[in-house]
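With these hints in hand, go ahead and build the complete structure from the sequences.
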Amino acid sequence: MKKDSPHSSAIRIIGLGNGMRGDDAVGLVTARRIRQEFGDRVEVIEAEMAGIDLIDLMKGASVAILIDAVRSGKAPGSVHRLDASVSPIGGQVFPRSSHAIGVSEAIELARAMDVLPATVIVYGVEVGNTEIGQPLSPPMGEALDQVVKQIIQEYEACHA
Amino acid sequence: MTGKEEARNTRTIAVDLVARVEGEGALRVTVKDGTVQDVELRIFEPPRFFEAFLQGRHYSEVPDIVARICGICPVAYQMSAVHAIEQIFGLRIEGALRDLRRLIYCGEWIESHALHVYMLQAPDFLGYASGIAMAKDHPAVVTRGLRLKKAGNAIMTLLGGRSVHPVSVKVGGFSRVPRRSELEGLKDELLWARDAAIETVRWVADFDYPDFMPDYTYVALRHPDEYPFNEGQIVASSGLQISVNEFEQHFTEHQVAYSTALHCALQGSPYQVGPLARLNLNQEHVTPLAKQVLADRELSLPLRNPFHGIIARSVEILYALEESLSLIERYEPPPLPALPVVVRPGTGMACTEAPRGILYHRYQVDGDGVIREAKIVPPTSQNQSRIEQDLRLFMPRLLHLPDQEVALACERVIRCYDPCISCATHFLNLEITREGVA
Chain A
1 MKKDSPHSSA IRIIGLGNGM RGDDAVGLVT ARRIRQEFGD RVEVIEAEMA GIDLIDLMKG
61 ASVAILIDAV RSGKAPGSVH RLDASVSPIG GQVFPRSSHA IGVSEAIELA RAMDVLPATV
121 IVYGVEVGNT EIGQPLSPPM GEALDQVVKQ IIQEYEACHA
Chain B
1 MTGKEEARNT RTIAVDLVAR VEGEGALRVT VKDGTVQDVE LRIFEPPRFF EAFLQGRHYS
61 EVPDIVARIC GICPVAYQMS AVHAIEQIFG LRIEGALRDL RRLIYCGEWI ESHALHVYML
121 QAPDFLGYAS GIAMAKDHPA VVTRGLRLKK AGNAIMTLLG GRSVHPVSVK VGGFSRVPRR
181 SELEGLKDEL LWARDAAIET VRWVADFDYP DFMPDYTYVA LRHPDEYPFN EGQIVASSGL
241 QISVNEFEQH FTEHQVAYST ALHCALQGSP YQVGPLARLN LNQEHVTPLA KQVLADRELS
301 LPLRNPFHGI IARSVEILYA LEESLSLIER YEPPPLPALP VVVRPGTGMA CTEAPRGILY
361 HRYQVDGDGV IREAKIVPPT SQNQSRIEQD LRLFMPRLLH LPDQEVALAC ERVIRCYDPC
421 ISCATHFLNL EITREGVA
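These protein sequence lines are chains A and B, in that order.
Numbering-wise (my numbering), the first sequence opens with residue 1 and increments by one.
Numbering-wise (my numbering), the second sequence opens with residue 1 and increments by one.
No false leads were mixed into what you were given.
Stretches of chain B that chain A covers, calculated by requiring three or more beta carbons in the stretch to come under 8 angstroms of a beta carbon on chain A:
1. 130 to 144
2. 148 to 154
Below are the BS3-like pairs computed for lysine-lysine, each with C-alpha atoms no more than 27 angstroms apart in a straight line:
3. K150/B - K170/B
4. K136/B - K59/A
5. K170/B - K187/B
6. K149/A - K74/A
7. K150/B - K59/A
8. K150/B - K291/B
9. K187/B - K291/B
10. K187/B - K150/B
11. K59/A - K187/B
Since the hints were derived computationally from the structure, they do not count as laboratory data.
From the three backbone atoms N, C-alpha and C, an ideal C-beta is built for every residue, glycine too.
Pasting the structure below:
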């Protein structure tokens, strides 16, 4: 069924976060950069505070790559790459969203309802300053470059 | 009493995280000698930051800024903000623009209520620890809930430009209004959703509810002609009937030591806002269809059990869908997407019905249209004292249970209010501290 959908071979890049809260915007800004790099070759979505709507945003893609801010105690700018395709990524790394349903919950809900894309990769960028109205802090720049590079590699691997 | 005896007679239950509320918060309950002593719902407070953040901003930026206070009820923040500022500028929004504002609010209610009913509160009644666990056993029900929520998203996206943090709401109207054909395009899905909403009311009405009926003071807007969204008097079940401009004379906020959120009281006492309060205070505007669905389940208004909030919320989903369909039916695009604005200095207030209850805004604007002062009283901070009171009343029947079960039961009480801690606060961790002999 999924294979017949128009997006069956689609790679979808979804940047998450809150654009008003400093480093929390890192996923959104990364998505923007990927859009510049790839043009129309991939579908890029900036999803501010998506919560449960993430299920719909992923639906129909065969590969979904998510980028979000995380806070696990590592140095700001550290990059996590988690494969959610087969098993849960856990809620420890990803803070609870203000919608009560965060990235890990939305992924698990999609899995429970059997609508999760075959491959789901989640990039988490460790954040520093998330004060309202602040710009991205310096460590985000390097992390952003790294995530973009890795996503380009993921894309090439899919199309090899 | 010695320190040792004191310690023996004092039992503390701590729950550090309240699950399935919008955001995170902390609850601390102290039980001493088998009696509930203290109940403290602790909350941090971003609206306070926003109040400061708004100072010095141009009035035209306000709708976009306040929309970011909450990802669940951005329209409510925008509506209270634009109506307060329009009061200062002497603008009155009528006709199709007024209808569109009702319609976008319907979208937000549907979206917010469907999420809470299906994913956040229903698991409490069906014995699941989470919406995810419930989805495994009831995929069809959860699919219905998510599609219902999506119907609300569709309204928000069409009118607001996007489903989260809509961008088209502005002082005077909208930056763009839809064509008739665009609204017509929503009709089929909304008709499906109306039937799904009827099923939702029937579904939740059949849940088993604890027998719990505190004596509440309900507070909501009331309008002579319609179920309230953007306009009306503030009324209370105690008989209070005031204009929105009198809000601060009757409702006072006070700081409590354990929380950075302000608690709001009506003449010194806790009160309840939200779907139950609205429904009970606006019975004459409940549609015949909704009344019939309730009657079929042998339910009649007023509903006095806080756990029936899920029924009230479901009835409001149905109302919002019926109202959406009727607003779309009569829609003719307005001549202009927004009324022209003439800036003048002054102070304006507005109160609108956010999904969780009345949301009060006051702004002071100078002659250049710059915000000098902003005050925001969100529904969750109004319900906070009432939630604490409910816990005090509900806990005695739980005290024989182990701490963990008490904590879960307390969470269920809190969730009745669908507290939006991200509105009233930043992160809500639930911490229940209980002291006393087991």
